[in-house]
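Residue numbers (full-length UniProt numbering), protein chains in the order written: chain A, 1 to 329; chain B, 1 to 346.
It should be emphasised that the hints constitute simulated quantities derived from the structure, not laboratory data. Where a beta carbon is used, it is the ideal one built from N, C-alpha and C, also for glycine. Fair warning: there could be bad hints in the mix.
Claimed, not checked - Just a few of them, taken from the derived set where beta-carbon distance is under 7 angstroms, the chain B residues facing chain A: (1) Ser-108; (2) Ala-200; (3) Asn-203.
What the hints assert, rightly or not - Sample of chain A residues with no beta-carbon within 10 angstroms of chain B, all distances over it, derived: (4) Lys-54; (5) Leu-116; (6) Gly-144; (7) Ala-146; (8) Phe-174; (9) Leu-176; (10) Val-180; (11) Arg-208; (12) Ala-215; (13) Val-235; (14) Gln-315.
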Amino acid sequence: MTSASAAGPRRSLYWSVQARRNRGIRGLAVVVAGFLALYAALFPGLLTLAGFAKFSQTWFPLALTGMAQAMLMLAGGISLSMGATVSLGAVVAASVMAGSLGVAGGIAAVVATGLLVGAATGFIAVRLRLPAIIVTLAGSFIVGGAALLVLPRPGGSVPPWLSDLLAGSTPTAFALLVVVMLLWKLYAATPLGLSLYAAGENPVGAHRSGVPVEAALICAYAISGTLAALAGLFVAAQTGSGDPVIGQAFTLNSIAAAVLGGVGFLGGQGTMRGAVMGSLLLTAMINVMFFLGLPPVAQYIAQGLIIVGAVALPQVAERLRRPRKRRST
Amino acid sequence: MSKISVVSAVVAVSALMSSIDCAQAASKCVKGEHKPPFSLGWANIYSVPTWMKQTTDTITQEVDQLKSQGLVSKLMITDAQGNANTQIQQIQSMIDAKVDAILIDAGSATALNRVIADACGKGIAVLNFDSLVDTDELTAKIDTDQLEWGQAAADWMVKQIGGKGKIIVMNGPAGISVSDDRRKGAESVLKAHPDVTVLAETNTEYNVAPAQEAMTNLLFANSDIDGVLALGGSLSAGAVLAMDKQGRALVPMTGENYRQFLELWKDKGLKGWATMQPNWLGALAAYTAVQALQGKDVPAFVKVPLPVIDDASLASYIDRAKDFPSDGYIYSRYDQAMFAKLLAQK
Numbered sequence: 001m002t003s004a005s006a007a008g009p010r011r012s013l014y015w016s017v018q019a020r021r022n023r024g025i026r027g028l029a030v031v032v033a034g035f036l037a038l039y040a041a042l043f044p045g046l047l048t049l050a051g052f053a054k055f056s057q058t059w060f061p062l063a064l065t066g067m068a069q070a071m072l073m074l075a076g077g078i079s080l081s082m083g084a085t086v087s088l089g090a091v092v093a094a095s096v097m098a099g100s101l102g103v104a105g106g107i108a109a110v111v112a113t114g115l116l117v118g119a120a121t122g123f124i125a126v127r128l129r130l131p132a133i134i135v136t137l138a139g140s141f142i143v144g145g146a147a148l149l150v151l152p153r154p155g156g157s158v159p160p161w162l163s164d165l166l167a168g169s170t171p172t173a174f175a176l177l178v179v180v181m182l183l184w185k186l187y188a189a190t191p192l193g194l195s196l197y198a199a200g201e202n203p204v205g206a207h208r209s210g211v212p213v214e215a216a217l218i219c220a221y222a223i224s225g226t227l228a229a230l231a232g233l234f235v236a237a238q239t240g241s242g243d244p245v246i247g248q249a250f251t252l253n254s255i256a257a258a259v260l261g262g263v264g265f266l267g268g269q270g271t272m273r274g275a276v277m278g279s280l281l282l283t284a285m286i287n288v289m290f291f292l293g294l295p296p297v298a299q300y301i302a303q304g305l306i307i308v309g310a311v312a313l314p315q316v317a318e319r320l321r322r323p324r325k326r327r328s329t
Numbered sequence: 001m002s003k004i005s006v007v008s009a010v011v012a013v014s015a016l017m018s019s020i021d022c023a024q025a026a027s028k029c030v031k032g033e034h035k036p037p038f039s040l041g042w043a044n045i046y047s048v049p050t051w052m053k054q055t056t057d058t059i060t061q062e063v064d065q066l067k068s069q070g071l072v073s074k075l076m077i078t079d080a081q082g083n084a085n086t087q088i089q090q091i092q093s094m095i096d097a098k099v100d101a102i103l104i105d106a107g108s109a110t111a112l113n114r115v116i117a118d119a120c121g122k123g124i125a126v127l128n129f130d131s132l133v134d135t136d137e138l139t140a141k142i143d144t145d146q147l148e149w150g151q152a153a154a155d156w157m158v159k160q161i162g163g164k165g166k167i168i169v170m171n172g173p174a175g176i177s178v179s180d181d182r183r184k185g186a187e188s189v190l191k192a193h194p195d196v197t198v199l200a201e202t203n204t205e206y207n208v209a210p211a212q213e214a215m216t217n218l219l220f221a222n223s224d225i226d227g228v229l230a231l232g233g234s235l236s237a238g239a240v241l242a243m244d245k246q247g248r249a250l251v252p253m254t255g256e257n258y259r260q261f262l263e264l265w266k267d268k269g270l271k272g273w274a275t276m277q278p279n280w281l282g283a284l285a286a287y288t289a290v291q292a293l294q295g296k297d298v299p300a301f302v303k304v305p306l307p308v309i310d311d312a313s314l315a316s317y318i319d320r321a322k323d324f325p326s327d328g329y330i331y332s333r334y335d336q337a338m339f340a341k342l343l344a345q346k
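Kindly generate the complete structure, drawing on both the sequences and the hints.
As structure tokens, then:
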């Protein structure tokens, strides 16, 4: 009985914290579920293994970059070089894998590139105390230029077996996403991971309490860069080749995914699962609009309305909830 | 004798049947059940530029005609907003929606290869025009020849200035394949005429303002110019405006079917030559898709000859100007008979 009562409050504390963190994304979850249901109703093939596999492949790179962006935003940073890093990852993968180093060499090169780009960006932004938005804007030109140096024109190649493994008719991409999210859970439980939130929410306070703020931030940049480069590798596998400008749209879309998921610009606010859900909404939205047969102009408008709606919904729900609470107490 | 005639009749009939068989299996990718009316998908990379809007218009007009002929049931249009990843996603959705044919203006030379091969493997006719992909796993590619563009323009220019003189070359952005290819085509002609000197070259976006600015600077530095070899329509409009503003005599000039350039050409009475990337490549792609789906043999590459506008034919374009947007392109006339002829060429 004593053990039960000891475990009881601890568990309830954990879940109550989680429930509070989930509150912000509950509205989004409803919207996403609605869209997925609508998508499945319009295209029943989504529920087959191959259909789900194809959809999760479309979703995967945006989910990965959304997480990479959310990680930085949770720490109070941001990256405008996300897209360029995806492009660089893609061309490094496609050109190294086409050479003598093969797939293993390609993966190693992509991870090394992402780590290096991310760590360098983080080091400059954090140690020199420069605004992340400026450093990564400059970084986007440097990294984007590097991608064009590696492959001036689309080319290179990824072995077909790797393409089929990652982006064939099996949901490997989804499995990888689950693994990445579990890894994030583990990381968030380590001292460095915990420091991430602390550093984002109140860097000075965190520093005074002995949190290694700078190390946490630089690590976040390095991991974020690696995730972005790996998203590039996946895009290269998905397309079978490398294109030096393929990633451009990921910069804005990754920020959109994170913000949709409730991740704030000021740091410390939001959850990774929210960002992943945001990326899911952005991906499913395009397919739903296609199957609804909306003309392109209507799609622009619908897209804007959906994004505003998904962001506004939790706010509206919160406002509706508050007065009721006040009355009850 | 009657026996012989029976045998020959049988041979003739079977030969006929096998030839029909052949024709039905001829176009690449087209497999399985395809019965008219067909559903088409138009996977646009970016719907905002005027050229693209006009191209989509030619597709919808062609589809309307094919609908009235009972050959097409519906046209799905997507806009990837310039993002090749989104274009892949939308082509995938078209495959999922089991369209009969997909028309593509590609956002990347390589990125669409796998999804196109997927579509082809599922028996869907895939037609690629304007911006081409580098895979051959599709039904047909449709385009003009940009090398020929540059070559024909340079040929005309050399002839205009009598084989010798000083010219300025205006290019589109460096590193863009269209711009590079046109310049390469011109180079082959310029090399053969050493008496033609290139005073200077510009590289700007395909917009009037930057071209005008670049030309203005060159005019200050060069008092003696015999011709302007502009390898893009809006570039020549910028050149005319720059020369006109400085009161310089207009020299022979090449360009494209950009409406503003054609109107300046007529108003200022200059010696001009222009060609075009016809917007109706889109309409032709829709027409070709339906031909392939009906079992006809379409060539793997449909090379569209460049329509030429010269001083003689200029009026026929200007007369139709009011039907086109002011920042648009006045394309040459087209109809299904012309498309049929283009597909019949070998």
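Outcome of the hint check:
no. : hint    : verdict
1   : Ser-108 : holds, 5 angstroms
2   : Ala-200 : violated, 25 angstroms
3   : Asn-203 : violated, 16 angstroms
4   : Lys-54  : violated, 6 angstroms
5   : Leu-116 : holds, 24 angstroms
6   : Gly-144 : holds, 13 angstroms
7   : Ala-146 : holds, 16 angstroms
8   : Phe-174 : holds, 15 angstroms
9   : Leu-176 : holds, 17 angstroms
10  : Val-180 : holds, 19 angstroms
11  : Arg-208 : holds, 44 angstroms
12  : Ala-215 : holds, 34 angstroms
13  : Val-235 : violated, 7 angstroms
14  : Gln-315 : holds, 27 angstroms
Of the numbered hints stated above, those contradicted by the structure are hints 2, 3, 4, 13, listed in ascending order.
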